[in-house]
Amino acid sequence: MARQLAMVIDSAKCMDCKACVAACKVANHTPEGQWRNWIKLDDSPPRPGASNRKARFQPGACMHCDNPTCVAACPTGATYKDAETGEVVIDEGLCIGCGNCLPACPYHARFRNAEKRKADKCNYCPERRSAGLDPACVDTCPTKARVFGDINDPQSEAGRLYLANKERLARVVAATDTKPNMFYLGDPGPEHWAGEAVIPASMVALKQSAPLIKGIVALSGLGVLVMLGRQLLAGSGDSHSGSGPSGDKENTDA
Amino acid sequence: MHRKFMILTAAALVLGMSVSMAFALGGGNGRKGKFLYSKNCRSCHNGGTAADLSPADRTQAEWQATFSDMGKIKCSGDWTLSDEDINDIYTYLYDYAKDSPSPAKCS
Amino acid sequence: MAQTSRTLSRREFFKASGLLAAGALGGPALLGGLRTAQAATETMTPAWDSRFGVCDMCFNKCGLIARVENGVVTKLDPNPKFVKSRGMLCARGNAGISHVYDPDRLKHPLLRKGGRGEGKWQRIPWDEALDMAAQKMDEVREKYLPCGHLFTAGTDMQSLFVERLAEAYGSFNLTSHESLCLVSGSRAFLDTFGEVPFADVLHSKYVIMVGANRFEALVTPDSMDLMTAMREHGCKLVTLDPRYTKTAALSDEWYPIRPGTDMAFMLALAHVIVGEGLYDPQWIEEKTYGMEQLREHVKPYTPGFAAEQCGIPAEDIARIARELAAAAPASMVYPGRRSSDYEDSTQIRRSFAIVNGLLGNWDRPGGLLGARAVGLKGVPYDAPWYDDNHDDRIDAGKVPMMFEHEGSFMVTRDSILADDPYPIRGWFVYKTNPMATAPNRAKTIEMMHKMDFVTVVDIAMSDTAWYADLVLPSQSYLERIDPCSGLQGSSACACVVKRDPVIEPLYESRPLFDIVKGIAGRLDLGEYFDFTIEQFREKQLADLPGADGIMDRDGVYYNPSKVYGIYDGLVYKTLSQKVELYNQRYEQMGIDPLPVYTPPVQPPANQFRLVVGRNALVTQGSTTNNTLLHEFVPTNTLWLNPGPAGKLGIADGDLVEVSSAVGRQAIRAEVTDKIREDTVYMLTGFNTLSTQQRLAHGNGASIAEILDGGYDTVTGNAALHLTFVTVTRKVA
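Chains as they are written, first to last, in numbering that gives the first Met the number 0: chain A, 0 to 253; chain B, 0 to 106; chain C, 0 to 731.
Note that these hints are calculated values from the structure, not bench results.
Just so you know, these numbers come straight off a predicted model, no measurement behind them.
Just to be clear, a hint being listed does not mean it is correct.
[To be verified] For lysine to aspartate or glutamate, the following EDC-like pairs were computed, each having C-alpha atoms within a straight-line distance of at most 20 Å:
id	chain 1	residue 1	chain 2	residue 2
1	B	Lys38	C	Glu526
2	A	Lys53	C	Glu231
3	B	Lys38	C	Asp387
4	C	Lys80	A	Glu156
5	C	Lys729	C	Asp653
6	C	Lys577	B	Glu61
7	C	Lys572	B	Asp56
8	A	Lys143	C	Glu231
9	C	Lys235	A	Asp186
10	A	Lys165	C	Glu231
11	B	Lys38	C	Glu231
12	B	Lys38	C	Asp529
13	C	Lys572	B	Asp68
14	C	Lys376	B	Asp51
15	C	Lys577	B	Asp56
16	B	Lys104	C	Glu162
17	C	Lys561	B	Asp56
18	C	Lys538	B	Asp51
19	C	Lys673	A	Asp42
20	B	Lys38	C	Asp381
21	B	Lys38	C	Asp386
22	B	Lys104	C	Asp542
23	B	Lys104	C	Asp381
24	A	Lys53	C	Glu526
25	C	Lys376	B	Asp82
26	C	Lys673	A	Asp41
27	B	Lys104	C	Asp391
28	C	Lys80	A	Asp41
Using the sequences and the accompanying hints, generate a full structural model.
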């Protein structure tokens, strides 16, 4: 079976300490005000007395979905699903920074890196993994709420958790079901925050005409130019910032 | 207030125990006692020739008992200390004993 | 799969067409990008060296691994072998890089040129700086005797050298940060159990959290262990807090207790446990002293009485008492580390300790644990004696049970201002910042103006440094060699750590050790610093052969000493040699031997009680200028309940003025139902006086400016919840 790198998360163990967010930021040099991961907060009003003991905080990041709407939205193929590892990868060499993928992610996991002017998101820290380390957020997590690995490998901690808890695994369901590979053990905590994948009409058209794609080079070439123009005009100031470290500033413009 | 208390308690306990001694113990200068202890006692009580000894190794009652009959302190025959010095050292050990309000930090 | 193949075809199309656009944009080369992505699947030699370190972003000394590339730390990771912190590094720990590479770090010695606090500085060479520090210290000693100089050191692995300097110089006046923090709690537990406990929350079945905030305020083993206990062992957590903190949010039960009434709650728990006989009679008989006095004492403190005081239903108080007792001895009132709050804070904490005493949880799994043997040796020295000196500390005898080794900053400050009983005119400060942390900042400024000469050693221009005469740049925790330090993490471990440099020191910074050695040498006290830190460590480790090598290998050495049953066959270090429910020494000293509840003074109409609270992303005044942490906590706000906010016409985000009897500050209001109507709250560390804290100066409000300066009457610990404030909307 092919690998599927994924996270298995116990939201109920999260105390919103932000260690994962800080670690990610340092490991990936994410520009000021931009974040690759987050902790969503439950904002139900405080009630004195006994609680319902629901998870209050939900760690998250790019969910490396099986149905990645971002891939569909990418005009250049820079964003693709790696068939071998199951990761959704951004090939920076191919990314033109058009921003189409940003609203295409219903979890707002993507942003345009203000310095690189390319699409950016969680990549499970490839440099760390190649050194035999866990992704920064997983390594540093105090309560080990985040567990990372190949869920198809029963030997890995993630695989073990995934198999042992199959019937109680939950996913955060967006309006568009992207089949995310981010699994929560039992109660995932805050729900209904994810939105709908918005794929630009031009991309929908392009998608629908995909079998004919090789025949419409001129059209897509024009599309690339338009997007390139958009990116150049956009400058670095307007870039989509991703959600804040506490996921409270969900910014869907791009 | 705390030192006054020490003096009173020490005195009360000494009286209560009715141990005959050459002089009354307590109420000395504990700070000077610390200095005198380092100068006169630490050279042996360093874990080498004799056991490493800190005020916090004993309770106030134990220090009291130890000093109530100094003849039983093995090295006391070698002491060249004045009664005042001995009392200062005793006060130091007593003030920072393990059940004192400010137990000496482990050393 | 169809989707994927379509995508790939599009991808291949663009690759084939060369994607001129990418090249034109100057993006990374196409192949480079691909190589990075593919490399992820193979293990390669990393670009970095890995070196062990010990974190210093708060006081907990978590083990870390620094990833160093070309002499620069690029990432700080947890040391997985460091069991004490359960193999984690918190957000502050991760932000250590921004601390070390802070552009606002002190770079060279600075001498004040203008008036105090004017911010006019002259760069001077190190030799000149040390000459001057020594000369001024000598002058102070000449004029005011050795005790005329105050020494203050924060919690640091080199702070013991400040103590050594003070003692060699001849001053008894040494204060630590603890009297601005937790000594009243330490006092209470020491005077009940004979030592200050560690909480074995990992094995606890029932924890009551009062005056502590383990999931929000800081991240140490107790935070992780409590979560593990709750998630994996079914531990129940009950939290009392006037704020709905993250700890409250994660608790099984939370009650917004009226501030200042914790003792009433605890005495009611004792009332139920004693009255209903919910204790282990054999344990109480064998191990405790004063049960009969306690039985009489708690009679009036019924759940109904406490309910009126605390605002918590009586039936809940009674039920919690029964549940707590049923889970005993694997249950506890969490001892906490909270700073003291009221003038009777020692007695408040005594009530916590007494309930623990009734639970019989001492020295047992899931209860309160004694200190374990770590095995590190002290390094004694023969301090000189000066006959021509004052008799005692300046704060001596003003509160009955101060800790000699910690002193009381609040009492010392008042005494210095009054020259009572003698003048102090010199001050040496290392790595602590009372100007930003002690209540009533105006008084600390006044104290500064009393001084002939103040030397501050720190990594950045703190507010205390801002008012000093001489400011000396010290090294960060990643640049220096430190003595060994013995640590305990509740039941997790007893261990030893050391620090070795992981990078070259930046700028002209020097370690505190070199600074005090330099000063001592100039004062003819060189013999007290006649060693290197390596030699010092050898002496510390004399009884632990092999430990040094193990630290080199693992970053930490564990002593597999006994965890539970340490007291088997031993007596407790109290006068009665038992757990003192009733404290005999207090009785002898005229202090209430059992805690007597006094209702707190309520805020006058239209005023609020200002409460403090800690945040795991903020270490008082030492992290508000940290660029990474600033992104998480960009400013402080005043938490204000919507009820009173509405009456005052204050909307969320409005600028308000907060004023107390001693000071006023402007701050943005955060209107939230996470706080009681009679209470307001803000974080510490903001709006520094020092302009060399660019992110904190002029940002938010300084709580030190507003807090009034009372203290616990038993220990002299600053009491931080005595301040009433008015809040008014500020017209922009």
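Structure-based check of each hint:
For the given pair, lysine 38/B sits about 15 Å from glutamate 526/C by alpha-carbon distance, which is consistent with the 20 Å threshold. About 15 Å separates the Cα atoms of lysine 53/A and glutamate 231/C, which keeps this hinted pair within 20 Å; it holds. For the proposed pair lysine 38/B and aspartate 387/C, the alpha carbon gap of about 19 Å is at most 20 Å, so the pair holds. The suggested pairing of lysine 80/C with glutamate 156/A holds, with an alpha-carbon distance near 18 Å, which does not exceed 20 Å.
At roughly 8 Å between alpha-carbon atoms, lysine 729/C and aspartate 653/C fall within 20 Å of each other, so this suggested pair holds. The hinted pair formed by lysine 577/C and glutamate 61/B meets the criterion: a straight-line CA distance of about 16 Å does not exceed 20 Å. At most 20 Å may separate the alpha-carbon atoms for a hinted pair to count; lysine 572/C and aspartate 56/B meet this at roughly 10 Å. Using a Cα cut-off of 20 Å, the hinted pair lysine 143/A and glutamate 231/C holds, with the two alpha carbons roughly 13 Å apart.
Taking the CA atoms of lysine 235/C and aspartate 186/A, the gap is about 18 Å. The hint holds against a cut of 20 Å. A C-alpha spacing of about 18 Å is found between lysine 165/A and glutamate 231/C, which places the hinted pair at or below 20 Å, so the restraint holds. Restraint check for lysine 38/B and glutamate 231/C: not satisfied, since their Cα atoms lie roughly 55 Å apart, outside the 20 Å limit. In summary, the hint linking lysine 38/B to aspartate 529/C is supported, as the alpha carbons are separated by about 18 Å, within the 20 Å threshold.
Our distance criterion of 20 Å between C-alpha atoms is broken by lysine 572/C and aspartate 68/B, whose separation comes to about 23 Å. Our distance criterion of 20 Å between C-alpha atoms is met by lysine 376/C and aspartate 51/B, whose separation comes to about 10 Å. Straight-line distance between C-alpha atoms of lysine 577/C and aspartate 56/B comes to about 17 Å, which keeps the hinted pair within the 20 Å bound. Note on lysine 104/B and glutamate 162/C: the hinted pairing holds, with a Cα-Cα distance of about 13 Å set against a maximum of 20 Å.
For the hint pairing lysine 561/C with aspartate 56/B, the CA-to-CA distance comes to about 19 Å; that is within 20 Å, so the pair holds. Distance hint between lysine 538/C and aspartate 51/B is fulfilled; the C-alpha atoms sit about 14 Å from each other, no more than 20 Å. With a C-alpha separation of about 11 Å, the suggested pairing of lysine 673/C with aspartate 42/A holds against the 20 Å cut-off. Restraint check for lysine 38/B and aspartate 381/C: the C-alpha separation of about 6 Å stays at or below 20 Å, so the hint holds.
For the given pair, lysine 38/B sits about 15 Å from aspartate 386/C by alpha-carbon distance, which is consistent with the 20 Å threshold. In summary, the hint linking lysine 104/B to aspartate 542/C is supported, as the alpha carbons are separated by about 18 Å, within the 20 Å threshold. Restraint check for lysine 104/B and aspartate 381/C: the C-alpha separation of about 16 Å stays at or below 20 Å, so the hint holds. Between lysine 53/A and glutamate 526/C the alpha-carbon distance is near 62 Å, which puts this suggested pair outside the 20 Å criterion.
A distance of roughly 31 Å separates the Cα atoms of lysine 376/C and aspartate 82/B; the hinted pair therefore is violated under the 20 Å criterion. Between lysine 673/C and aspartate 41/A the alpha-carbon distance is near 13 Å, which keeps this suggested pair within the 20 Å criterion. Distance hint between lysine 104/B and aspartate 391/C is fulfilled; the C-alpha atoms sit about 19 Å from each other, no more than 20 Å. About 33 Å separates the Cα atoms of lysine 80/C and aspartate 41/A, which puts this hinted pair outside 20 Å; it is violated.
Going down the numbered hints, you'll see the structure goes against 11, 13, 24, 25 and 28, while the others check out.
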